[in-house]
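So the sequences go chain by chain: A and B.
Each residue of the first sequence is one higher than the one before, starting from 1 at the first, in the numbering used here.
Each residue of the second sequence is one higher than the one before, starting from 1 at the first, in the numbering used here.
Hints are computed from structural coordinates only; laboratory data are not their basis.
Heads up, the beta-carbon is just placed ideally off N, CA and C, and yes, glycines get one too.
Among the hints, a few may not be true.
Within a straight-line C-alpha distance of at most 20 Å, the following computed SDA-like cross-link-like pairs (lysine to any residue) qualify [what the hints assert, rightly or not]: (1) LYS250/A with GLY131/B; (2) LYS300/A with VAL111/B; (3) LYS30/A with ASP59/A; (4) LYS300/A with PHE116/B; (5) LYS27/A with LYS337/A; (6) LYS267/A with VAL111/B; (7) LYS298/A with ASN114/B.
Partial selection, computed: residues in chain A whose CB lies under 8 Å from chain B [said to hold, decoys possible]: (8) SER38; (9) ALA206; (10) LEU213; (11) GLY229; (12) GLY243; (13) ASP260; (14) ALA301.
The lines below spell out each chain.
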Amino acid sequence: MKHSISAMLLGTALVFGAAGGAVAQDKNIKIGVLTDNSGLYADLGGPGSTVAAQMAIEDSGLAAKGWKLDLISADHQNKPDIGTTIARQWIDVEKVDIFMDVLNSGVALAVNNVVKEKNSIMINTGAATSDLTNAQCSPNTVHWVYDTYMLANSTGQALVKAGGDTWYFLTADYAFGHALERDTAAVVVKSGGKVIGTVRHPLNTADFSSFLLQAQASKAKIIGMANAGGDTTNTIKQAAEFGIVSGGQKLAGLLLFITDVHALGLKVAQGLNFTETFYWDMNDGTRAFSKRFSGRMKNKAMPSMVQAGVYSGLMHYFKTLEAMGGNPHDGAKVVAKMKEMPTDDALFGQGTIRADGRKLHPAYLFEVKKPEESKGPWDYYKLIGTTPGDQAFRPLSESACPLVKK
Amino acid sequence: MQALYAQLLVGLINGSFYALLSLGLAVIFGMLNIINFAHGALYMMGAFVAYFLLNNDYLSIGYWPALIIAPIVVGIFGMILERTMLQWLTGLDHLYGLLLTFGMALIIQGVFQNYFGSSGLPYAIPDQLRGGMNLGFMFLPIYRGWVVIFSLVVCLATWFLIEKTRLGAYLRAATENPTLVRAFGINVPRMITLTYGLGVGLAALAGVLSAPINQVRPLMGADLIIVVFAVVVIGGMGSIMGSIITGFALGVIEGLTKYFYPEASNTVVFVLMVLVLLVKPTGLTGRAA
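With the rest of the complex left out, here is chain A (with noise of 0.2 Å):
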């Protein structure tokens, strides 16, 4: 009986506590990094993602301000429905503000909408689908790290400009895969190349060969890897083995991680082109935070660019919730704050998000070195060509999204 009156009284004093608590600004942060902690994505997101969430609260300095920070982590498993069931729990049970990472298309798209239906807060930093910030744009959703338009018309102009105007797709029947495959055959067709086939496999699969072959007897010049992680590192393993490139044939891969490179090996993964938004590599600045980083990683990895962009974006909400005074737990007024002001950070440098949701900054072109090129381990890249962020990105002009006023 007794413990049941001090635990009323209790409870009522948590309650007058929290009411007062919104008076006076509320100042409680709880951040959630939902991604694919223990399949093919785990890697470039995964446990590191949320290394770089504990960096970023770490760094931001506001524990020392009297903010109260708190983070958890969770595995979708690739499933929309896990996803969907786990981001509802968060905002309900959990009262998580923001969920970061949400890589795989497929999640992210079902993410989208709980989060806009809630108005919570996603900035996405893992999925690759352009739709985002396209016809499935949302006030409470920024894109911040690259997307399948970006990876398309980088990667495939630079192609196809070097003579590779025919193209067969080898693509992950999934939305990403389906939207990067779109996206890219898009450029490819507008740069005056052409797409002779394509052919779908399903997600996650061990043996290519079957694909590899249909595609080598294809006859075309390029073969488009719309497909990533561990998709894409059997894919270019396999088709080493099956002569590919050796025939002649180059191999396009249109979403590359670092992850990959490092778990290809130089002698495999030479001479590759793709395009990152971020490289260890760059800057003091991104090598400072990279040192930082791998040092905390059970395996040494350097960040990819989804982990480097959990970091950049979660500063950025940090900063624009610190210039509001408090936290009010309204995604879209939060957003939309975030949006006004310029963004600013040692990874990503100095970018603006844009009225769909979609964070500029530059695209990279690179290139894997050879391996007696390379210095050390990580030593993976040699840039070769930038895309200002302002020509990186879906013009608003071709926009489908409803944000956008025309």
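Position chain B relative to chain A; hints supplied.
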């Protein structure tokens, strides 16, 4: 038409892995009555042992010795598992063995993933098997041809060992009636441990074979094991020849699906499984329990 031949051959290559893995499962189920869900994890360990052997600064042991060493190392690991855990489940419902081995698989994979991440590690094709030959209808990498031939030989040798030799006869007798076989002075528990070691060794061997083709990844077995179980179910639980033939046949069917309707290539095996179970619940070559 040419493309069709190529797909048949590619299917046969994948079939070799299915055959090797389902054979190990069939041996273990037939002799120990355990549904070994840790098989995929042990297959993965085989590939990792090959990787460690090669990339260890002191050893630097290549592909050929690894083909023998890795199955032995993983086989011993399997025997330790059997001695310390699995043997206590003798006589209990299948469900216990399934849950225990499933849990072991999750732990093993989790530990590897913790240390090596999920994208995996590179393992090169041995120099002697590099390159390929032009068969007219397709370019066949020599390594793939080697995989088909080698696994066929291993499968048949295992079948011969169990069905045609005296040792195999003891084994089969021990499953039928362990008490009677013990009365003849044969150490049945040790034989069972060795059998588990053999089944696990086959999984590890498949792992070494696949290391140069696929990335050496902690989850490489988890992706495969479900398909392999479907193969075992279709072939008939515990049937040695059944699992070999079904392994190769399903590889070919899957290969053809990848050509005619690629989107369904990872479901076709399960559709077949359902059909077989509806018509013949014991599997194609299985006997009624």
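Hints versus structure:
| no. | hint | result |
| --- | --- | --- |
| 1 | LYS250/A with GLY131/B | 18 Å, holds |
| 2 | LYS300/A with VAL111/B | 16 Å, holds |
| 3 | LYS30/A with ASP59/A | 16 Å, holds |
| 4 | LYS300/A with PHE116/B | 10 Å, holds |
| 5 | LYS27/A with LYS337/A | 17 Å, holds |
| 6 | LYS267/A with VAL111/B | 28 Å, violated |
| 7 | LYS298/A with ASN114/B | 7 Å, holds |
| 8 | SER38 | 7 Å, holds |
| 9 | ALA206 | 6 Å, holds |
| 10 | LEU213 | 5 Å, holds |
| 11 | GLY229 | 7 Å, holds |
| 12 | GLY243 | 5 Å, holds |
| 13 | ASP260 | 6 Å, holds |
| 14 | ALA301 | 7 Å, holds |
Violated hints amount to a single one, hint 6; each of the other numbered hints is respected by the structure.
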